[in-house]
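Produce the complete structure using the sequences and hints provided.
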Amino acid sequence: MTPLHLCLLISSGLFCIGLTGALARSNTILVLLGIELMLNAANLNFIAFWRFGPAPSPANGMIFVLFAIAVAAAEAAVGLALIIAVYRHQKNIRLQEANTLRG
Amino acid sequence: MTFTANHLWLIPTLPLLAAGLGALAPSKDRRLAAGSAIVAMAISFVLACLALQSALQAPATHAVANFAWFDLGASPMRLGFLLDPLTAFMCVMVTFVGLLIFIFSLGYMQADANFKQFFCFLSLFAAAMLGVLVANSLLLLFICWELVGLASYLLIGFWFHKPSAAAAAKKAFITTRIGDLGLLLGLLWLYDATGSLLFYDGGQGVLENTALAALAGQTLGGGLALSTAIGLLIFCGAIGKSGQFPLHVWLPDAMEGPTPVSALIHAATMVAAGVFLVARVYPLMQIDAALAAVPVHALTVVAFIGAITALLGAFIACGQNDIKRVLAFSTVSQLGYMMLALGVGSWTAAIFHLLTHAFFKALLFLGAGSVIHAAHHEQDIRLLGGLRPKMKITFATFAIGMMALSGVPFLFSGFWSKEAILHAAHAWDVSHLPLYAGLAAVVLTAFYMTRLVAETFLGQPRSAAAEHAHENSAVMTIPLILLALGAIGLGFLGTPAWPWLQARLSGTELHSSLHHLMEGSGLMLLSIGLVGVGLGLGWWLYGRRLRTTAEARDPLVVTAPQVMAALANRLGFDELYAATVGRLNHFTATLAQGIDRWVLGGLVNFLAQLGVFSGTVNRQLDEDGLNGGFDQISASVRGSGQRYAQAQTGEAHGYLRVMAVAFIVLALVLVLGGAR
Amino acid sequence: MLGSAAAAMLLRNLIHSALLLILSWASVAAFYLWAGAEFAAFAQILVYVGAISMVVLFAVLLTRQNQVADVVIEPASRKRATTALTVGACLAGILSAAVVASRFPAAAVTAPATTVKLIGLELMERHGAALLIIGVILTVALIGATLLAATEAKRNPEDAP
Chain A
1 MTPLHLCLLI
11 SSGLFCIGLT
21 GALARSNTIL
31 VLLGIELMLN
41 AANLNFIAFW
51 RFGPAPSPAN
61 GMIFVLFAIA
71 VAAAEAAVGL
81 ALIIAVYRHQ
91 KNIRLQEANT
101 LRG
Chain C
1 MTFTANHLWL
11 IPTLPLLAAG
21 LGALAPSKDR
31 RLAAGSAIVA
41 MAISFVLACL
51 ALQSALQAPA
61 THAVANFAWF
71 DLGASPMRLG
81 FLLDPLTAFM
91 CVMVTFVGLL
101 IFIFSLGYMQ
111 ADANFKQFFC
121 FLSLFAAAML
131 GVLVANSLLL
141 LFICWELVGL
151 ASYLLIGFWF
161 HKPSAAAAAK
171 KAFITTRIGD
181 LGLLLGLLWL
191 YDATGSLLFY
201 DGGQGVLENT
211 ALAALAGQTL
221 GGGLALSTAI
231 GLLIFCGAIG
241 KSGQFPLHVW
251 LPDAMEGPTP
261 VSALIHAATM
271 VAAGVFLVAR
281 VYPLMQIDAA
291 LAAVPVHALT
301 VVAFIGAITA
311 LLGAFIACGQ
321 NDIKRVLAFS
331 TVSQLGYMML
341 ALGVGSWTAA
351 IFHLLTHAFF
361 KALLFLGAGS
371 VIHAAHHEQD
381 IRLLGGLRPK
391 MKITFATFAI
401 GMMALSGVPF
411 LFSGFWSKEA
421 ILHAAHAWDV
431 SHLPLYAGLA
441 AVVLTAFYMT
451 RLVAETFLGQ
461 PRSAAAEHAH
471 ENSAVMTIPL
481 ILLALGAIGL
491 GFLGTPAWPW
501 LQARLSGTEL
511 HSSLHHLMEG
521 SGLMLLSIGL
531 VGVGLGLGWW
541 LYGRRLRTTA
551 EARDPLVVTA
561 PQVMAALANR
571 LGFDELYAAT
581 VGRLNHFTAT
591 LAQGIDRWVL
601 GGLVNFLAQL
611 GVFSGTVNRQ
621 LDEDGLNGGF
631 DQISASVRGS
641 GQRYAQAQTG
651 EAHGYLRVMA
661 VAFIVLALVL
671 VLGGAR
Chain R
1 MLGSAAAAML
11 LRNLIHSALL
21 LILSWASVAA
31 FYLWAGAEFA
41 AFAQILVYVG
51 AISMVVLFAV
61 LLTRQNQVAD
71 VVIEPASRKR
81 ATTALTVGAC
91 LAGILSAAVV
101 ASRFPAAAVT
111 APATTVKLIG
121 LELMERHGAA
131 LLIIGVILTV
141 ALIGATLLAA
151 TEAKRNPEDA
161 P
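From first to last, the protein sequence lines are chains A, C and R. Per this note's numbering, residue 1 is the first one in the first sequence, and the count goes up by one each step. Per this note's numbering, residue 1 is the first one in the second sequence, and the count goes up by one each step. Per this note's numbering, residue 1 is the first one in the third sequence, and the count goes up by one each step.
Think of the hints as simulated: they come from the structure by calculation, not from any bench. Quantities reported herein were computed from a predicted structural model and do not represent experimental measurements. Where a beta carbon is used, it is the ideal one built from N, C-alpha and C, also for glycine. Honestly, I wouldn't trust all of these hints.
[Claimed, not checked] The calculated label-pair distances, taken between Cβ atoms and stated as ranges, are:
| # | chain 1 | residue 1 | chain 2 | residue 2 | range |
| --- | --- | --- | --- | --- | --- |
| 1 | R | L121 | C | G195 | 14 to 22 angstroms |
| 2 | R | L147 | C | V661 | 33 to 41 angstroms |
| 3 | R | L147 | C | L603 | 15 to 23 angstroms |
| 4 | R | L121 | C | L185 | 25 to 33 angstroms |
| 5 | R | L57 | C | P409 | 54 to 62 angstroms |
| 6 | C | G673 | R | L57 | 30 to 38 angstroms |
| 7 | C | Q593 | R | L57 | 39 to 47 angstroms |
| 8 | C | A662 | A | H89 | 47 to 55 angstroms |
| 9 | R | F104 | C | A213 | 50 to 58 angstroms |
| 10 | R | T146 | C | S473 | 51 to 59 angstroms |
Now the structure itself:
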């Protein structure tokens, strides 16, 4: 059991928790937060491979993480704004009721 | 076990823990929050006393405990704690006065619904303030400094349902932020110039000779020494926090907070943080005094700002009618005195005045709080009156505080510390203007305090609230008595005949002899005379013919209505700022809007017109030329689209689930397929 | 980290879950610190613990509704929860099996020496284009979010046609 294994186990745990949460909860905010958790798990992997991987390059993993965090921030901002817009429209934020896009 | 700088972190940590405990406690549990706050403060007080004892054994040294916080790149960012007499005296003062104010709050805030939060915020404030005191790094100091500002914001706006309180909190926060910006810039510049932010670090700190010599050696444009520029920027932070002249407008409004808060933050401790900061970086402020060529010395600016503030605050205090605002402007004025003392080169006198002022001003504020509590939150002195027979203890202690503040000779602490400042100003060889400002403020101080006492306590009750006032319980009067003892006794630690405090602070030998008392006797007699003039004038105008009704006009308003109206309006500083800064802001906003609407908007409109034009051309082409064959194709696309649309359930969960299952399948394929 | 994340996903009270998530993000930052990636840790704290958490809390508070609707557990949501748990458990099993079964080359003993200066240079030189694109994305996202969340301005009567 190397540190890398441990990190990967942690990150897959985090990923599964996020996924389960995103699938199970009906509140859109929690779904979004579950997705954020999954993104975090991916970031954990980047750092883990950068730090404990076979050939560490000086900054690659870190820069990956920085970009991912930036994208996650944008995603969270837009997502939460959408939630607020939807809430204003239909007075609740239950994801299964936001289905006007169905074919 | 001896108390060393290594244990210093305990002093701010204990109130911080109490604040955390208070935050987590259920809001009905009043006893836990208040009890933990008071116990933590008491333990901190004991520790601060131990620290003082240990610091006094070697007063000239600066014991430090530095550690690396984190390292980014080559040089680690280091923080640390510093134990010297300045820190130790301040810690003892803050914990002692803070403890008494906590106890007083038990009574004052008894009926408040947010009792728990109040103690939580108070503890947070105490922790941050003690953090400022023990920091050995400008960065740590700055962090705690901002926390102090935050706690002050929370406490001023504690009665947030009052719009005036919310506005005052905002004003205080933003005004001090202007000064803090200067402090931050000074901090960054200092780090850039020296590569360190530690005050003392075994020869490497920014307040030690190597760095100071380097700073003073560099000159900027205009012949300004680098140390002067940085010193002035740091002083900006002190101006904001200590309510000095251009930025003093927030302090009187801060009186919207509960009175114990005014006593703790806006009289005794936080506003003194600015004075403490300048005293802490005094070597930096002082170093350019040796350079003859520089156009301006940092300390000269400090002295003049202090003198202006001292005089201005005392003037405005004469025209205020709210008991707390009189005290607030008096605080502004006294802080001006401290800055003056710093500027004229006697930081020990400034700290001496800071300590005595903390005691008697906290006493006055708590006395005012006792009055306000008894009179059902009536704060207008015109509506009070006749409280002396009803509230004997409050009156006696308030009178002691008033005499200490006015500088009634010999017995009261304010006299000795004010003397120390005036002597220092007298000895300053640059200019005597600060001395004259200080002497004028002495008269005014004695005058407005006499007015305050005469209007509040003497005469007849002039409203129902004052009629039914009665003395408060022991939990509120005992802190008053203890503070009154301090307000009397503390002065004897620093008399000219036995300047123990000054000697311990600066780490020099103690020369005690009665001759020193005689040396400056001329100035001392003059200031005693001025105090007498002020008291007599106040008595003549207010004490002789006591006000009988609330509507009776103030004798000064009768003689000089315009002047008093201007003073009551605080010389129009708020309006001035609204008219200049506010209007400038508005103007730039309008300008930006104009540019946006006419220049950019015009461009966008033009492009839009262009688009419309090309669209028209396009449509003509399309309808005439290409329309025929597409209809058929689109019909078949629509058919298949409808079929696929069945899959679009509109359920985001469904999509996500499908993706997850597909991902699992993919992972299985990869794992089983042996892609290791 | 895992505990608080799981609890956050399970709790019924939205504010509690949001607070627990902040804890979880903070512990991710602690993990970065442990792994020697200080810069990423501070970015994580600033962006997640500082900014996103605030936005989340705002969204939670702005969309507070009567809690009655959530108390009744509909059969549909129960079914969805079971599916979700199954899917999650499957994935967890597969991933951990894969991780445990794989062998990696020996790790470097010391952390790569990464200074802020190095990161800055890398960002500006090798990844300059990506940095610009990220900036544009962030700006667009910000403007979009503002537009989406903004209430429609009331029109003045004289503006109406």
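Notebook entry, point to check: That 50 to 58 angstroms hint for F104 (chain R) and A213 (chain C) (C-beta), does it hold up?
Noted result: holds (55 angstroms)
Notebook entry, point to check: So the hint says 25 to 33 angstroms: do the beta-carbon atoms of L121 (chain R) and L185 (chain C) match that?
Noted result: About 26 angstroms separates the Cβ atoms of L121 (chain R) and L185 (chain C), which means 25 to 33 angstroms holds.
Notebook entry, point to check: Using the C-beta atoms of L121 (chain R) and G195 (chain C), is the stated range 14 to 22 angstroms upheld?
Noted result: holds (20 angstroms)
Next item on the list: Note whether the CB distance of G673 (chain C) and L57 (chain R) lies within 30 to 38 angstroms or breaks it.
Entry: violated (45 angstroms)
Note to self: Within 47 to 55 angstroms: is that where the Cβ-Cβ distance between A662 (chain C) and H89 (chain A) falls?
What the structure shows: violated (31 angstroms)
Check: Quick one: are L57 (chain R) and P409 (chain C) within 54 to 62 angstroms, going by C-beta?
Finding: holds (58 angstroms)
Notebook entry, point to check: In this structure, is the beta-carbon distance linking L147 (chain R) and L603 (chain C) contained in 15 to 23 angstroms?
Noted result: holds (21 angstroms)
Item checked: Satisfaction of the hinted span 51 to 59 angstroms by the C-beta atoms belonging to T146 (chain R) and S473 (chain C) -> holds (54 angstroms)
Margin query: I want to verify a distance hint. Is the separation of the beta carbons of L147 (chain R) and V661 (chain C) within 33 to 41 angstroms?
Written below: holds (35 angstroms)
Margin query: Given a hint of 39 to 47 angstroms, does the C-beta separation of Q593 (chain C) and L57 (chain R) actually sit inside it?
Written below: With a Cβ separation near 32 angstroms, Q593 (chain C) and L57 (chain R) fall outside 39 to 47 angstroms, so the hint is violated.
Comparing the model with each earlier hint shows violations of hints 6, 7 and 8; every other hint is respected.
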